[in-house]
Amino acid sequence: MDEVWVFIEGRLGRIEAVSWELLGKGLELSQALKGRLASLWIGSKPEGTADEAIAYGAERVYLIEEPRLEIYQSEVYASLMANLITEYKPKIVLLGATSIGSDLAPRVAAKVGTGLTAHCVELYIEEYNGRPCLIQVIPGFGGNLMVRLVCPERRPQMATIRPGVMERPIRDASRKGEIIWVTPNIKEEWFRAQVIEVVEEEPSGTILEEAEVVVAGGWGLYSSGGFEPVEKLAKVLGGEVAGTRPAVDRGWISEDRMIGQSGRSVSPRLFISVGASGATHFTTGFLKSKTILAIDQNPEAPIFEVCDIGIVGDLKKLLPCLVKKLSGKRRGAEESCPLPSG
Amino acid sequence: MGLDIVVCLKQVPHPEHLSRVSLDPVTKTMIRHGIPTVINPPDRNAIEEGLKIKERFSGKVVAISMGPLQAKKALEEALAMGVDKAILLCDRAFAGADTLATAYTLSCAIQKLGYFDLILCGNETVDSGTSQVPPQLAEFLNIPHLTQVKEIEFVDEKALVVKRALKGGYMRIQLQVPAVLAVVKEINKPRLPTVAGIIEVAQKEITTWGLAALGVEDNRVGLAGSPTRVIDVVKYKSSRRGEILQGLPEEVVREAIKRLQELEAL
Chain Y
1 MDEVWVFIEG RLGRIEAVSW ELLGKGLELS QALKGRLASL WIGSKPEGTA DEAIAYGAER
61 VYLIEEPRLE IYQSEVYASL MANLITEYKP KIVLLGATSI GSDLAPRVAA KVGTGLTAHC
121 VELYIEEYNG RPCLIQVIPG FGGNLMVRLV CPERRPQMAT IRPGVMERPI RDASRKGEII
181 WVTPNIKEEW FRAQVIEVVE EEPSGTILEE AEVVVAGGWG LYSSGGFEPV EKLAKVLGGE
241 VAGTRPAVDR GWISEDRMIG QSGRSVSPRL FISVGASGAT HFTTGFLKSK TILAIDQNPE
301 APIFEVCDIG IVGDLKKLLP CLVKKLSGKR RGAEESCPLP SG
Chain W
1001 MGLDIVVCLK QVPHPEHLSR VSLDPVTKTM IRHGIPTVIN PPDRNAIEEG LKIKERFSGK
1061 VVAISMGPLQ AKKALEEALA MGVDKAILLC DRAFAGADTL ATAYTLSCAI QKLGYFDLIL
1121 CGNETVDSGT SQVPPQLAEF LNIPHLTQVK EIEFVDEKAL VVKRALKGGY MRIQLQVPAV
1181 LAVVKEINKP RLPTVAGIIE VAQKEITTWG LAALGVEDNR VGLAGSPTRV IDVVKYKSSR
1241 RGEILQGLPE EVVREAIKRL QELEAL
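Chains as they are written, first to last, in this note's numbering: chain Y, 1 to 342; chain W, 1001 to 1266.
Derived from the structure by calculation, the hints contain no laboratory data.
Just so you know, not all the hints are guaranteed correct.
[Stated by the list, open to error] In silico negatives: residues of chain W with every beta carbon more than 10 Å from chain Y:
hint: 1; residue: D1004
hint: 2; residue: H1033
hint: 3; residue: K1073
hint: 4; residue: E1076
hint: 5; residue: G1096
hint: 6; residue: L1113
hint: 7; residue: G1114
hint: 8; residue: P1190
hint: 9; residue: A1196
hint: 10; residue: L1211
hint: 11; residue: P1249
[Said to hold, decoys possible] Calculated pairs, BS3-like style, for lysine-lysine (alpha carbon to alpha carbon, straight line, at most 27 Å):
hint: 12; chain 1: Y; residue 1: K111; chain 2: W; residue 2: K1167
hint: 13; chain 1: Y; residue 1: K290; chain 2: W; residue 2: K1167
hint: 14; chain 1: W; residue 1: K1237; chain 2: Y; residue 2: K45
hint: 15; chain 1: Y; residue 1: K288; chain 2: W; residue 2: K1258
hint: 16; chain 1: Y; residue 1: K235; chain 2: W; residue 2: K1258
hint: 17; chain 1: Y; residue 1: K235; chain 2: W; residue 2: K1167
hint: 18; chain 1: Y; residue 1: K288; chain 2: W; residue 2: K1158
hint: 19; chain 1: W; residue 1: K1185; chain 2: Y; residue 2: K187
hint: 20; chain 1: Y; residue 1: K324; chain 2: W; residue 2: K1167
hint: 21; chain 1: W; residue 1: K1112; chain 2: Y; residue 2: K111
hint: 22; chain 1: W; residue 1: K1237; chain 2: Y; residue 2: K288
hint: 23; chain 1: Y; residue 1: K290; chain 2: W; residue 2: K1237
hint: 24; chain 1: W; residue 1: K1158; chain 2: Y; residue 2: K187
hint: 25; chain 1: Y; residue 1: K45; chain 2: W; residue 2: K1167
hint: 26; chain 1: W; residue 1: K1112; chain 2: Y; residue 2: K232
hint: 27; chain 1: Y; residue 1: K290; chain 2: W; residue 2: K1258
hint: 28; chain 1: Y; residue 1: K317; chain 2: W; residue 2: K1258
hint: 29; chain 1: Y; residue 1: K111; chain 2: W; residue 2: K1163
hint: 30; chain 1: Y; residue 1: K288; chain 2: W; residue 2: K1235
hint: 31; chain 1: Y; residue 1: K290; chain 2: W; residue 2: K1235
hint: 32; chain 1: W; residue 1: K1073; chain 2: W; residue 2: K1085
hint: 33; chain 1: Y; residue 1: K176; chain 2: Y; residue 2: K91
hint: 34; chain 1: W; residue 1: K1163; chain 2: W; residue 2: K1072
hint: 35; chain 1: W; residue 1: K1258; chain 2: Y; residue 2: K316
Built from N, CA and C at the ideal position, the CB exists for glycine as well.
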């Protein structure tokens, strides 16, 4: 039977939520293939992991358990996963595009000699060259372009998906599934790189993904005097600041506040984009926000095709005005904006 | 003695002009005519790290890039920063490569070079951002890899301790050379090319290797060696209303706030 696999990523006893999100999408894909959804977990203490995976839709769970597998190590995990893929021949393998999944997936794909796509925003089954294939959609460049990719010949078809992109399925504890314990044949040579410590750091400030309001700035702020208005706007709204790749490159925000395909995905109540033209690399990071407000000087900017409300105009004038009105609103008083000069 | 360091780099569209890059609907390749190019930003950090390591232990830093002839510009910049030697992998047969074919081609070039201790890459490119090439390159070379590297500390010339970023913290890992390390921006501040460096570029040569020089099968490189295929490029259709306001700042701002309140966003 055709299998769709989802890698269950756990660290220090916690399972990354993206694993469950991928089981939701995985079930859809396995049904389209009239196959089975399976999940793979590697580690040292599975505890309730298999039951959880089954409750989220896995019909089969492969568990590779060994004390030496407690901490993620690239070569060890990649070798075990590649060996299991060679043995069971799944048609599709999905992993979270996390710091571990993005490290593991490419090495596994190279070991089994198959294709891998990164940061997919949509996945579905469609006939291609006469056989059912996984269509992998990734954001393209410029405008609002999406690129559809396929891995026509080789199997498995592998893809990584960022946390928060797929919906988390409903947990149903009454679901039944089969657990397969795999005895790992671990080779000493896989430990050429050895983890000596794992250090957890206190997260600084609010987690971007949980913010109610996110204000993100882009390159357009350069010509209008910098990033400060974005910070002010976020402050009056009690929101978090974020930005585009160019904003990171300019040093306006830290890399962990970058929104987009290779950054964070957020879905706040209100997302405000300021001075960003709206390349898909950026926009895919906030498309699921409840309301999107876009502000830019270029009326042709593609950002205006993905927003609920767009304001076209000079950022230098618009932003102070917006900040003033919003802070005025907070104090319950209407204030007037400085008159535009020229 | 000293360390033989290879830095892999890619010429990419200038990040501020990324949105101008489009895809040719017929050939499905990137159209980037007239768009300024740069060395992929984290690759500059890889160059810097390589130069720093060379300054400490002596040795040689070789920069390798796969791309069209124009990519020589990126290699020249690497030479001006202080890299000793540059190799451009350029052949029509290399075009259209996905990450697997790219990593394979790079691995063949590095093997042709001969001995190497450390291979440094940027963790991801700004144009496609997959982060897939470094681990795949390490697999083809059968050496360990580490991604999201933010600190490299040498215990001695062959043994190192590497700090790798993780969600909510980091890992420290010890390993021996050879290895592939994919570095992130925080690792260092890349130096700028010096005037002396720019003058020296004229004396340094950029070697170009094609398919024949690498002695590889053409079905393992470029589009032919790529398991993935682009089907097409589709326009993203947003279901949002996209109401555009234009006019006097005070008026449009007041109107926008009113709409946001109607949408319960404020």
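Practice prompt. Could you check that no beta carbon of chain Y comes within 10 Å of the beta carbon of P1190/W?
Written response: holds, 12 Å
Practice prompt. Find the nearest Cβ of chain Y to the Cβ of E1076/W and say whether that gap is larger than 10 Å.
Written response: Given a closest Cβ separation of 21 Å, the condition holds.
Fill in: Minimum Cβ-Cβ distance from H1033/W to chain Y exceeds 10 Å
Non-interface label stands for H1033/W: nearest chain Y Cβ at 13 Å, farther than 10 Å.
Worksheet item: Taking 27 Å as the top limit, are the C-alpha atoms of K317/Y and K1258/W close enough?
Response: holds, 19 Å
Worksheet entry | 27 Å Cα cutoff - pair K290/Y, K1167/W | holds, 26 Å
Worksheet item: Hey, K1073/W versus K1085/W, does the alpha-carbon distance stay inside 27 Å?
Response: At roughly 14 Å apart (the allowed maximum being 27 Å), K1085/W and K1073/W satisfy the hint.
Discussion item. Holds or violated: K1237/W and K45/Y, Cα atoms, limit 27 Å.
Written reply: Roughly 45 Å separates the two Cα atoms, so the pair is violated.
Practice prompt. Please settle this one: G1114/W was flagged as non-interface, so is its CB more than 10 Å from every CB on chain Y?
Written response: holds, 21 Å
Worksheet item: Is it correct that the beta-carbon of A1196/W has no partner in chain Y closer than or equal to 10 Å?
Response: holds, 27 Å
Practice prompt. Take a quick look at whether K1112/W and K111/Y sit within 27 Å of each other, Cα to Cα.
Written response: holds, 21 Å
Practice prompt. Quickly compare the C-alpha distance for K290/Y and K1237/W to 27 Å and report which way the hint goes.
Written response: Within the cut-off at roughly 17 Å; holds.
Worksheet item: Do the alpha carbons of K290/Y and K1235/W lie within 27 Å of each other, as the hint requires?
Response: holds, 22 Å
Of the hints listed earlier, those the structure fails to meet are numbers 11, 14, 18, 19, 20, 26, 34, in rising order.
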